[in-house]
Amino acid sequence: MDKLKIKRLVPYMARNVQSLPRVGMLTVISLFGWMAVAVIFPSTTEACTNAQSCGNNYEVNEVFFGSGGGYGYGAGANSTCSSSYCADEALGETTVGNTQGGLFQAWAGFNTFRTPSLTFVVNSGNINIGKLTPTSTGTATTLFAVQTYLASGYSIMTDSSPPQNGGYTMQTPISAVSSTQGSEQFGINLVANTVPAALSGVSANPTCATTGFCNMSTVTVNSNYDQQNKYYYPSSGVDTLVNVSSSNSLINYTVSYIYNISVTTPGGTYNFNQVLVATSTF
Amino acid sequence: MHNRLLALKRYAYLTISLVFGATATGLVFLTSTANAAGQVQNRSIEMSSSVPSATGVTYLISFKAATTTTIGGIAVDICNDTPIVGSTTCVYPTGFSWGSATPTIASGTVDYNSASPYSGGTASAVWGFPEAFVGGGGANYQTLFACDATAANCTGTTSTISVTSGQYIYFTVTGVTNPSTANTPFYARIVTFDTVADLISATTGYLPTADRTSTTRPATFTGEVDYGGVALSTANTVSITATVMEQLTFCDSGPNGGGTNPITSYCAGTLTTPSITIGNGGTPSVLSFTADYGGYIFTQATTNASHGIVVNMKKTGTQTCGGLSSDGSTCGIPASSGTSSGQPTPAVITAGTAGIGLCVQPGTGVTATSPYSGTCTGVPPAGSNNPPSTDQVGMNDTTYASLTNLESAYGSQLYSSASTLNSANNVLEFIATASATTPPGIYTASYTLVATGTF
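If you read the sequences in order, they're chains A and B.
Okay, so the first sequence: first residue is 1 according to the working numbering, each after it adds one.
Okay, so the second sequence: first residue is 1001 according to the working numbering, each after it adds one.
In short, the hints are calculated from the structure, not lab data.
Take the hints with a grain of salt, since some may be wrong.
No more than 25 Å apart at the CA atoms, straight line, and that leaves these computed lysine to any residue pairs for SDA-like [what the hints assert, rightly or not]:
{"no.": "1", "chain 1": "A", "residue 1": "Lys131", "chain 2": "B", "residue 2": "Ala1401"}
{"no.": "2", "chain 1": "A", "residue 1": "Lys131", "chain 2": "B", "residue 2": "Met1245"}
{"no.": "3", "chain 1": "A", "residue 1": "Lys131", "chain 2": "B", "residue 2": "His1307"}
{"no.": "4", "chain 1": "A", "residue 1": "Lys131", "chain 2": "B", "residue 2": "Thr1249"}
{"no.": "5", "chain 1": "A", "residue 1": "Lys131", "chain 2": "B", "residue 2": "Asn1422"}
{"no.": "6", "chain 1": "A", "residue 1": "Lys131", "chain 2": "B", "residue 2": "Thr1237"}
{"no.": "7", "chain 1": "A", "residue 1": "Lys131", "chain 2": "B", "residue 2": "Thr1104"}
{"no.": "8", "chain 1": "A", "residue 1": "Lys131", "chain 2": "B", "residue 2": "Ala1268"}
{"no.": "9", "chain 1": "A", "residue 1": "Lys131", "chain 2": "B", "residue 2": "Asn1080"}
{"no.": "10", "chain 1": "A", "residue 1": "Lys131", "chain 2": "B", "residue 2": "Ile1240"}
{"no.": "11", "chain 1": "A", "residue 1": "Lys131", "chain 2": "B", "residue 2": "Asn1140"}
{"no.": "12", "chain 1": "A", "residue 1": "Lys131", "chain 2": "B", "residue 2": "Asn1183"}
{"no.": "13", "chain 1": "A", "residue 1": "Lys131", "chain 2": "B", "residue 2": "Ser1201"}
{"no.": "14", "chain 1": "A", "residue 1": "Lys131", "chain 2": "B", "residue 2": "Ser1265"}
{"no.": "15", "chain 1": "A", "residue 1": "Lys131", "chain 2": "B", "residue 2": "Gly1308"}
{"no.": "16", "chain 1": "A", "residue 1": "Lys131", "chain 2": "B", "residue 2": "Gly1328"}
{"no.": "17", "chain 1": "A", "residue 1": "Lys131", "chain 2": "B", "residue 2": "Gly1156"}
{"no.": "18", "chain 1": "A", "residue 1": "Lys131", "chain 2": "B", "residue 2": "Ser1239"}
{"no.": "19", "chain 1": "A", "residue 1": "Lys131", "chain 2": "B", "residue 2": "Phe1129"}
{"no.": "20", "chain 1": "A", "residue 1": "Lys131", "chain 2": "B", "residue 2": "Thr1241"}
Footprint (simulated), chain A over chain B, 3 or more residues, beta carbon under 8 Å [claimed, not checked]:
{"no.": "21", "stretch": "1080 to 1086"}
{"no.": "22", "stretch": "1234 to 1242"}
Cβ coordinates follow ideal geometry from the N, Cα and C atoms, glycine included.
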């Protein structure tokens, strides 16, 4: 049997077990009580390739229980794939999402993919704040969104010098501070703000863009950037903004920027080209 | 086989009912820490920049070994389609390059240690003489081989490292060029090999010779130890532009009623006409040859000129000299300075020697210019209209060889700053005296002050 189509025959299936030696006894064990199950085939020679988990003597891939549905697979009469497309079925799918313990995490649902992924989208476009004065605060916001799958988490870093005007670099606070007009300040945060008023209603806390696999309790915004109405940016330009300790569906982050100048802030055009880097650990 | 599956079915039903009771749902198992031998854990590639097409980017490749064994080489393949190791295609991410045919592994090391590269741990050992080359996309440099070898392309004398499961292996590649499409994920496939020979094998290695100019990849490799996929992503750069206008605020004033500076921050306050009468304070206030007399003008400068300002004083009126004139042409009380090499210098005015001079008492960030840089108090002594007789003054007019005198096109420089100023107060202290032969009359002079910022 080149392609094992257990799915159509039994109410559970293991995918990609066809490469394992079909000897010994099929055993189903519980790893997390009722939460999880693993299909184990004794194996001593096969490479552990493309599995979500494996050992010297076993390999675990995606495991299926339920009345219908599943991730597109295979070829032949029972395949849900054509040469160009695979159908992901959702019949009877009752539970979706992620659970994890100290050593393992699990994604529930039929339509789970076995490919690690990282989606990182930063809104493009050039923002022109316009003229800054010592008696006003320049503000701006931008959005970025991150989604990971089969990951133990991700971090978002900023790696860009503060706004620069020729050889002059705008001053930044040494810790998260309130916006103060007349004092030279450049800072950012990632939460909903009310001061300056211009950020009220346009700044926001990190939010799930979609329901389902989104667990905001795993999202930790660096303390310098998670205080309402307080702003910070490192003079070095390099800092971690966000750490997330699990896979998540798309989470939207809103970055708020403030610009304050003093009477001695050198005249000219200040450019800030912020490079955000997402690093996911799988 | 069908019977076998039916048997499996029965067995599974039984077991499931025992283990799960009535409820079951679909689950995908993942390992989040080292536990699955073969698949490297905690694997990541940190980019120093996510900007599309950025060059000179540094990639920090890090993962935990899944197997306790020896490792002779590491393949890191950059693909656009999937991170799954063993996939038989690897689509080239447009624009990506490891940088050259011999990519640079920073510091020449492949480190392995129980501490992660982020924890600052010191490597317990160093993989010396790593070399790397690329293949798979022709000139695209999408596949990197790292190995411990004494010659390029993983040749020469090679050696292995011994790692234990759970140890971090990490190395940094510099000079990488990111894919050119913004906000787009791409993937890395990481495979470790037991020996260099297995890594670079022309037939059974990660990238057999036949695949080195194509997107084809073998499904299996001889000598594979561990493997893992990583997802990365490019992203747009956030560009914000703000403008700060060049500004210069400069003002001057005579004293207030109390004889002190009336100018408050940013040239606010109740300023008075900068017109002073120098004399003994009587009615009328007159000069004599027995004493020095003084008067004060206050100036203030605020500017964001990053290279500072200069403030010049220029004579106005019809007289052809810089001092005080009673007839509008000659200076009966001339400009007074010391002299050094024909140039005016600060000096004390001697009572009875007719002359007028000026000293600048500079504020924060301001430097007075010779001959106005003498020692002076800048404020009248208590109970007196007259400055101390020891104050040094000067006045640069055509009497001296200087080309930048009071009569020149831009006047004589009084003071300057090297950078921005915030409400810097600068006092102009004038001192004058008459001689015993100075003709009586009303002696006057008019000057203008010009502030110039360099931004």
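**Message:** Check the structure against each numbered hint from earlier and tell me which ones fail, lowest number first.
**Reply:** 1, 7, 9, 11, 12, 13, 16, 17 and 19
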